[in-house]
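Assemble the whole structure, with the sequences as input and the hints as a guide.
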Amino acid sequence: MSHFIRKIAFALLALVSASVFAAVEANKADRAQLESVKGVGSALSGRIVAERQKAPFKDWNDFITRVQGVGPASAARLSREGLTVNGTSYPGAQPAAKQQVAAKPPARPADRKQ
Numbered sequence: 000m001s002h003f004i005r006k007i008a009f010a011l012l013a014l015v016s017a018s019v020f021a022a023v024e025a026n027k028a029d030r031a032q033l034e035s036v037k038g039v040g041s042a043l044s045g046r047i048v049a050e051r052q053k054a055p056f057k058d059w060n061d062f063i064t065r066v067q068g069v070g071p072a073s074a075a076r077l078s079r080e081g082l083t084v085n086g087t088s089y090p091g092a093q094p095a096a097k098q099q100v101a102a103k104p105p106a107r108p109a110d111r112k113q
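Going by numbering that gives the first Met the number 0, 113 is the number at position 114 of the sequence shown; the sequence numbering is gapless.
No false leads were slipped in.
Pairs of lysine-lysine residues, derived as DSBU-like cross-links and limited to a Cα-Cα distance of at most 35 Å, are as follows:
| # | residue 1 | residue 2 |
| --- | --- | --- |
| 1 | 37 | 27 |
| 2 | 53 | 37 |
| 3 | 27 | 57 |
| 4 | 27 | 53 |
| 5 | 37 | 57 |
DEER-style ranges, computed between Cβ atoms:
| # | residue 1 | residue 2 | range |
| --- | --- | --- | --- |
| 6 | 31 | 90 | 25 to 31 Å |
| 7 | 73 | 32 | 14 to 20 Å |
| 8 | 45 | 80 | 16 to 22 Å |
Calculated directly from the structure, the hints in this document are not laboratory data.
Positions of the beta carbon are idealized from the N, C-alpha and C atoms, including for glycine.
And the structure:
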C-alpha cells in the first residue's frame with residue numbers, strides 16, 4: 000500500500016512541476032500570463048499585447064523587431080524563463096554548453112630505486 004501512495008505522490012509532484020515550467024505563448028497569453036514570466040512587467044506585457052493586436056508574431060525575429068525594448072539578449076532571457084513565439088523558444092536561449100576539459104593523461108608512477 001505504501002508503494003502505491005509513493006507512486007501517487009510522485010505523479011502529483013510531476014504534474015505540479017510541469018505546470019510551474021509551462022511555456023507562455025506570446026501570441027495567446029493575456030497580460031497576467033505574460034507577467035508571470037520573469038522579466039515581463041506591466042509595461043512590456045502592454046507592448047506585447049498592443050503589437051499582437053495588430054498582427055500575430057510570425058517568429059522571434061518579428062517579435063524582437065516589433066516589441067520596443069526587446070533585443071536578442073532579452074529575447075534569450077525571456078525564452079529561458081518560459082516565453083515562446085509560435086510554440087518555439089528563442090534560438091539563442093540555450094545555456095552555453097560546458098566546455099569539455101581535455102582529459103589529463105594518467106600520472107606516471109614515480110621512478111623507484113630499489
